[in-house]
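Going line by line, the protein sequences match chains V and R. Per our numbering, the first sequence starts with residue 70, numbered consecutively. Per our numbering, the second sequence starts with residue 70, numbered consecutively.
One or more of the hints may lead you astray.
The list treats identical chains as one, so a pair stands whether inside a single copy or across any two.
[Claimed, not checked] Restricting the straight-line Cα-Cα distance to at most 25 Å, the calculated cross-link-like pairs of lysine-lysine (BS3-like) are:
#, residue 1, residue 2
1, K274, K340
2, K90, K413
3, K275, K123
4, K303, K345
5, K207, K413
6, K198, K391
7, K123, K274
Honestly, the hints are just simulated from the structure, not real lab data.
Below are the chains, spelled out letter by letter.
Number of protein chains: 2
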Amino acid sequence: MKLITGGICAVEGVIAAGSCKDEYGVAIIVNENSTASAVFTNNKIQAAHITICKESLKNNQLSAIVANSGNANCCTGTEGLDNAREMAEIVSKNLKIESNDIAVASTGVIGRRLPMDQIITLIDKASTKLENSPKASKDAAEAIMTTDTFPKELAVESELKNGQKFVIGGIAKGSGMIAPNMGTLLGFLTTDIQASPLELEEALKKAVEKTFNMVVIDGDVSTNDTIIIMANGKSGRIDENFQEALEYLCSQLARMLARDGEGATKLMEVKITSSKSIEEARKAAKAVVQSYLVKSALFGGDPNWGRIAAAVGYSGAEINGKTMTIQLEGSHNKVKIIENGHVKAFDGSPELETAEEIMKESEIKIEIDLSLGEYEAVAYGCDLTYDYVKINAEYTT
Amino acid sequence: MKLITGGICAVEGVIAAGSCKDEYGVAIIVNENSTASAVFTNNKIQAAHITICKESLKNNQLSAIVANSGNANCCTGTEGLDNAREMAEIVSKNLKIESNDIAVASTGVIGRRLPMDQIITLIDKASTKLENSPKASKDAAEAIMTTDTFPKELAVESELKNGQKFVIGGIAKGSGMIAPNMGTLLGFLTTDIQASPLELEEALKKAVEKTFNMVVIDGDVSTNDTIIIMANGKSGRIDENFQEALEYLCSQLARMLARDGEGATKLMEVKITSSKSIEEARKAAKAVVQSYLVKSALFGGDPNWGRIAAAVGYSGAEINGKTMTIQLEGSHNKVKIIENGHVKAFDGSPELETAEEIMKESEIKIEIDLSLGEYEAVAYGCDLTYDYVKINAEYTT
C-alpha cells in the first residue's frame, strides 16, 4: 500500500471539477456506472440533500455527485427538497447522466434558502471544467470547504490478494460540527474495485465507524454529514486488502479533519487499550477528545492531566483507577503520568516536567491502558482555541 | 415563600466561617446533630473526600462540613484519603465534634497532593471565627470559590402546611467542569426542617435532578461534585411546601452557577415542552445548552438558530421536525423562529431581525415545543467565550 497523488482523480475514469464564488462553492465528481454506498448523519433533523441521496441510492448505483458549500439547505422545507432535486437535474442535463444516478450534498449555514441562481451558475461552470487530473481533485476538495483552512484529499494504491492493483481516492471537508456520530460533514470516495452493493456498504460502514466517526471537533452532530463511495469496477474483486486500504485512507482523512478543526492549533490522538469492549474503548476515547477541559489544556500546553483521567471516568466505560495507566507521547519522548493507578506526575517530579514539554507540541498522543480486556480504539481531536470561539461566534453575521 | 438574607446562616443554630490565603480557602459549616443526606458525582474517578463523606454519612447524621478550595485532592491515592481524614480530625479537635459527624469536601486542581500545612492553618483560623451571621455565610461561600467570580448564597423562608415557618439556606460554587450529571462542584444546604433520613434523601435527590443536574457549563463531569444537606429539626415535619421551597432555592443557585460559568457573559435557559418523557425532555434541553456551536453563537449574539434545531435533533430525544416550534425570548420580546415545523426566521424576515436583537441580550430563554407529549424540563447554561478558553488553558500553569 502506498500513497499516491491525484486524490479522487487517481482512480481511472474519474473526472472532477470545482468552482467557487464568494461564500459558495460547487464540486462535481463523475465516476460513471458505479456501485455506490453512503453513510449519513443520525441527527433527526436532516438536510434536504439526504432525502434526495437516499432516493438516488435505492438501486445502489451512482454516476456522479454534486455538492455545494456555503449553505446547508437544511430546515428549508419542501422548497429545499425542490432545490436539491434541481441541482441533480441541472447536472443531469449538462452531463447527460440520469438524474436518478446523481447524489447531491450541501454544507454550510442551516435554515437559509439555497441561493439557486448562484448555485446554478457554479454548477454550469464546473460542468465545463470536468477532467481527470490532480488539479481537478484539488479544485473539488476546495469547492466543498467552508471554514476549513486547507483542502483534504488523498489517494492510496494497493494490491488485491491476487496481485491486481486497485486505487482509492478521497476528498473530505470538516471543520466545526464534527462529532462522535460521523466525523465529517462531507466525504467523497472513489475507487476502481468491483463489489456488490452489500459488500461495498459493509466495507464503508466498518471503515467509517473506526475513522470518521472517531473524529470529534466539538461534539455537535451535523444535520448534513454524508460520506459516499463510488466503485466503478475497473479493477478486481473486493477483498481484505481493500478493507485495509480503505480504513487507512479514511483514518488519514480523519486525522486531517481533526488537524483542521475550527481554530485548531494542535492534533490529539487518543488511544484506549485493554478495554472490556470495543464500545467502551470508543466511548472513553471520544470522551477525552471531546472534553472542553482537555481541549483547553491542550491549547494552553497545560499538563493538567487530571482532566484526562476525569474524562475517562465519566465516559461510561468501565475503568479501575487502581490499574489504569495514562501515557503522553510527543514527537520524541513519552511519559507515564499514571502507571497502574500510581500517580507519577506529581508537582516537582521529572514526569510532570516531561508532560509539560509534550503538551507544548503540536501533535500529542494520549494512550490510556485500562488493563481490563483486549479491545482498543483511537479517537482524533484538536484543541479548543480563541479562534474556535471567534469563528463560531461570527459565523452567520 | 420569600427570599431572605443570611445564606446558610439564615437557619437558626447554624454557624459558619471562611478563611482564604493565596489560592486556598477553607469553609466550615456547623449545624449540630442534623439529619443529613448527600449526592455525589457519578464519575468513576472520585476525589478522596467522597470516600470520607460516605463513611460519615452511614448513620445519616452530620454536625459539620469542612471544605477546601484550590486543590481537589483527587488521584492522590491513600495519602489523599489520609489527608481528607485529617481535615475532619482537626475540625473535630477544634470544635469538640465527633470526626464521624463531619463531612469533608475539596475542589480545585486534580492530581496534586493537598498542601496540608496551609490547609491546617486555614482550618484553625476558620474554627475561631465561626458565628451565625450573614457575613459568616458569605465568607464560607467565598472560601469555596475557585474560578467563580462571585460567591453564591441564598436563603428562603416559607411555611409548612400547618403554618409553621421553616428556612433553607445554601451556598454553592461552580464555574468549570459542570455537567449534566451534577451541576455544581460543591453545594451545601442547611435547614431547620424535621425529616427522616429517607425523606431528606428523596427530597434532595428530586431537587438536584431538576436543578443542579440541569446546569451545563462544559459537559465535563467533575470528580468532586458534592451536594450536602443538613437538617437540624428545629422547625416542623417535612411536607410538600418544603419540597417546593427546596427546588426553588436549588434552581436559583443553579441559575447563578450557569450565569457564572467560566468566562461566561450570558445566561441561557432552555425549556423543552410537550416531550414524550421526562428523560427525553432533559436530554434535549441539555444537548442545547451543552452545544459548542449554540454556546459560541450565544457569545457572538449570532441568530444562527439552525444550531439549536441541530442540537435537539442529535440529542436522542424523539422529535418531529414537522411539529416542532422554537421560540427565543429576551427581556422584552419573543419570537418564534420555527412554528409547527415552518421556518419563520428566514433571511430578511422581521422574525430574524427580532431573533438577532434577542441574541444580543445577556439572558436568553429558548423554548422548544416538541408537540409530542406532556413532559417538560429546563436546563441552564452559558455562552462559550474567549475567557473560558483562557481560564482553562492556563489553569494549572
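Results of checking the hints against the structure:
1. K274 / K340: within (21 Å within a copy, 36 Å between copies)
2. K90 / K413: neither (54 Å within a copy, 28 Å between copies)
3. K275 / K123: within (20 Å within a copy, 45 Å between copies)
4. K303 / K345: neither (42 Å within a copy, 51 Å between copies)
5. K207 / K413: Cα proximity of K207 and K413: none, with 47 Å in one copy and 38 Å across.
6. K198 / K391: Classified as neither; 61 Å inside a copy, 40 Å across copies.
7. K123 / K274: Only inside one copy: K123 and K274 sit 16 Å apart there, 46 Å across copies, limit 25 Å.
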